[in-house]
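Visitor: Sequence:
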Amino acid sequence: MNPAVYVLVAAAIFGIGLHGLLVARHVMRKLLALNLMLSALFLLLIVVPASIDGRPDPVPQALVLTGIVIAVSTTAFALALMVRLFRRQGHASIHPDLDPTLIGQRRATKRKEGDR
Numbered sequence: 563m564n565p566a567v568y569v570l571v572a573a574a575i576f577g578i579g580l581h582g583l584l585v586a587r588h589v590m591r592k593l594l595a596l597n598l599m600l601s602a603l604f605l606l607l608i609v610v611p612a613s614i615d616g617r618p619d620p621v622p623q624a625l626v627l628t629g630i631v632i633a634v635s636t637t638a639f640a641l642a643l644m645v646r647l648f649r650r651q652g653h654a655s656i657h658p659d660l661d662p663t664l665i666g667q668r669r670a671t672k673r674k675e676g677d678r
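Under this note's numbering, the first residue of the sequence shown is numbered 563, with each subsequent residue one higher.
Hints listed in this document are in silico derivations from the structure and should not be mistaken for laboratory results. It cannot be assumed that every hint is accurate.
Label-pair distances were calculated between CB atoms; the ranges are [stated by the list, open to error]:
#1 R650 / T628: 26 to 34 Å
#2 V567 / T628: 32 to 40 Å
#3 L580 / I630: 35 to 43 Å
#4 S635 / G577: 19 to 27 Å
#5 Q623 / H653: 24 to 32 Å
#6 D615 / H588: 38 to 46 Å
#7 V621 / Q651: 40 to 48 Å
#8 R591 / S613: 27 to 35 Å
Cβ atoms here follow ideal geometry from the backbone N, Cα and C, with glycine treated the same way.
Sequences are here, hints too, so could you generate the full structure?
Guide: So, in structure tokens, the structure goes:
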């Protein structure tokens, strides 16, 4: 298959991940978007060196394998932080001011404080 197809697919996956990283408010969605971006980068690192001289290069393959291990461990650490954030705050949003589920709760709390 033509390597340009893989490059286009990697660019599309990276773009989807970047959009998710910029738009999402929930930590889990941001983490999934970041993993999507890393997957696109790994695909690109495997395809580009193989398309230059026609045979697979072992150095980028080793780098991608190392990157996958680091990505898995970083994801596990981020999930542990997310669980701790959820247990501490009751929600997993980074920006609680923008979380639509909490806006009604804050308004009710302000009304109760205003009644006092």
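Visitor: Could you say whether the range 32 to 40 Å given as a hint is met by the Cβ separation of V567 and T628?
Guide: 26 Å, violated
Visitor: Could you see if the CB distance from V621 to Q651 stays within 40 to 48 Å?
Guide: 44 Å, holds
Visitor: So the hint says 27 to 35 Å: do the beta-carbon atoms of R591 and S613 match that?
Guide: With a Cβ separation near 33 Å, R591 and S613 satisfy 27 to 35 Å, so the hint holds.
Visitor: Note whether the CB distance of R650 and T628 lies within 26 to 34 Å or breaks it.
Guide: 33 Å, holds
Visitor: Against the range 35 to 43 Å, how does the distance between the Cβ atoms of L580 and I630 compare: consistent or not?
Guide: At roughly 20 Å between Cβ atoms, I630 and L580 fall outside 35 to 43 Å, so the hint is violated.
Visitor: State, for the Cβ atoms of D615 and H588, whether the hinted interval 38 to 46 Å holds or is violated.
Guide: 43 Å, holds
Visitor: With respect to the beta-carbon atoms only, verify the hint that S635 and G577 lie 19 to 27 Å apart.
Guide: With a Cβ separation near 26 Å, S635 and G577 satisfy 19 to 27 Å, so the hint holds.
Visitor: Given a hint of 24 to 32 Å, does the C-beta separation of Q623 and H653 actually sit inside it?
Guide: 41 Å, violated
Comparing the model with each numbered hint stated earlier shows that hints 2, 3, 5 do not hold.
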